[in-house]
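All chains should be built: construct the whole structure from the sequences, respecting the hints.
Residue numbers (full-length UniProt numbering): 1 to 432.
By construction, these hints were calculated from the structure, which means they are not laboratory data.
Bear in mind that the values here come from a model prediction, so they are computed numbers and not experimental data.
There may be inaccurate statements among the hints.
Pairs of lysine to any residue, SDA-like flavour, derived with a Cα cap of 25 Å [to be verified]:
id	residue 1	residue 2
1	414	428
2	259	308
3	42	274
4	211	162
5	136	12
6	31	65
7	31	43
So the derived label-pair ranges between C-beta atoms look like this [stated by the list, open to error]:
id	residue 1	residue 2	range
8	90	25	24 to 32 Å
9	59	265	17 to 25 Å
10	241	11	12 to 20 Å
11	220	26	24 to 32 Å
12	72	97	45 to 53 Å
13	307	243	20 to 28 Å
14	176	101	25 to 33 Å
15	3	35	23 to 31 Å
16	270	67	51 to 59 Å
Glycine is no exception: its CB is placed at the ideal position from the N, C-alpha and C atoms.
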Amino acid sequence: MALLWLSLASAFLFYQTLKIIYRLYFHPLAKFPGPRFAAATKWYEAYFDLRLYRPGTFFHELTRLHKIYGPIVRINPEELHVDESTWVDTLYVMPARGIRNKYTPAALMAGAPGSGFGQRFQRAGFGTSLHDVHRKRRASMSPLFSKAAVSSMTATIYSKVELMLQNVHQQIQRQGFAELHLNWLAMNLDSLADSFLGIGNGTDLLKDEQKARAWAGTVDAVATSTPFAKQFTWFIPLASRLPMWVLKILTPEVSRLVKLRRDMLRQPTEVAEQLSQDTAGKQTISAHPELYKTILSSSGLDEREKQPERISQEGFVLLVAGNELPRESLPMEYSTSSPIGQKSYLGSKRNFFKSCQSRIPRLHGTSWSSYRGCTAMITLYIGFAVFFRRNDFILHDTLYERDIEIEQDCLTGKTSDRSNGVRVKYADDKLM
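Below, the structure written as structure tokens:
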């Protein structure tokens, strides 16, 4: 038995040696500059992302490497990092000039069910490696982002913004300040859920502050685990398959995320049954299209692509990925503008924000602007404009180094673990 284990260890060591030699001298990326240790193993990158002191800081090391090696650096055996803006047109090309499949390890970080078993089993558009498959899946959801569809969401978004303002006022009255990250996370997630999953399937975080705090903890826990998931791509697919009781013991925050993922399987199943019962054989998408109806009614997808398990993953990714960036963007804009929340962000939009009593801004106007060239800006513009036009706020116990400056790369930027968030209070104490 001892001889067997010795033979296995020797074979493993020999294999690793050959792999390192290949990576250093015969790999297609061997000609590019960078640290030799980074070219030989992923542990160079992993050290900066997983160390106990200041984890998730490999992006700081990238700055140092570019100063040494130039605009193109080999950062691990399989990847290059390019610090040259003119190269963007080479990377992002039209299909006629080339096809760019998504890097599979990056796709696996989406945690799509089955993604650990190969590209053909990846479910959501965000976790799809193959260009052609991703294009079909993206096209099936394009009606959701038309001008008509986006305009139909405004009433929902306005109602969520109004509820958020009420919560902010109550929090300032109760404790002397309100924390922007928490309030915008709740507003964004509730807006997304009601707009894309339909009224009644929402998350209702604005109505339950404790539930919102629990979700914020879940989002932060998942973000913090991103550097680990980047190095060990099997982590998220495996976590999604563990029994719920095991997850609750190991990581309660992630268990809430997995529970949401499993609960969302019910919704597309119900929608599919409703569509199949249509006696006319045709289903008209309403002016307020919901995600599952839109995908199931798409003629560009075959029946295998319309399975409830797959399309429920689209809804899950939309909620999880779609709420985090606006949550971070709004407080960042707020805290770095001068005067607070007004000049830099609203200056180019002054004609949309004429009255603080009316519903502002005009949503169709924002879609023509290049300043925020994506549909996600609807919550940014409406929420930001209404919030800072209604009242004057000042920062409360908010420090740039602790609460604003990015310390960790967790897919999105993460501030210090000591941060209490971006806090505000009324400039006029009489409003209390």
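Evaluated hints:
A C-alpha spacing of about 31 Å is found between residue 414 and residue 428, which places the hinted pair above 25 Å, so the restraint is violated. A threshold of 25 Å between alpha carbons decides the hint, and for residue 259 with residue 308 the separation of about 16 Å falls inside it, so the pair holds. With a C-alpha separation of about 49 Å, the suggested pairing of residue 42 with residue 274 is violated against the 25 Å cut-off. Between residue 211 and residue 162 the CA atoms are separated by roughly 19 Å; this keeps the pair inside 25 Å, and the hint holds.
A C-alpha spacing of about 42 Å is found between residue 136 and residue 12, which places the hinted pair above 25 Å, so the restraint is violated. Our distance criterion of 25 Å between C-alpha atoms is met by residue 31 and residue 65, whose separation comes to about 16 Å. In summary, the hint linking residue 31 to residue 43 is supported, as the alpha carbons are separated by about 20 Å, within the 25 Å threshold. For the pair residue 90 and residue 25, the beta carbons lie near 26 Å from each other, so the given range of 24 to 32 Å is met.
Distance hint check: the CB atoms of residue 59 and residue 265 are about 36 Å apart, inconsistent with the given range 17 to 25 Å. Under the hint 12 to 20 Å, the C-beta atoms of residue 241 and residue 11, about 30 Å apart, miss the expected range. With their beta carbons about 42 Å apart, residue 220 and residue 26 fall outside the hinted range of 24 to 32 Å. For residue 72 paired with residue 97, a C-beta distance near 21 Å fails the hint of 45 to 53 Å.
Taken as a hint, the range 20 to 28 Å holds for the pair residue 307 and residue 243, whose Cβ atoms sit roughly 23 Å apart. Distance hint check: the CB atoms of residue 176 and residue 101 are about 52 Å apart, inconsistent with the given range 25 to 33 Å. Under the hint 23 to 31 Å, the C-beta atoms of residue 3 and residue 35, about 38 Å apart, miss the expected range. A hinted range of 51 to 59 Å for the beta carbons of residue 270 and residue 67 is consistent with their spacing of about 56 Å.
Hints 1, 3, 5, 9, 10, 11, 12, 14, 15 from the list above are not met by this structure, while the remaining hints are.
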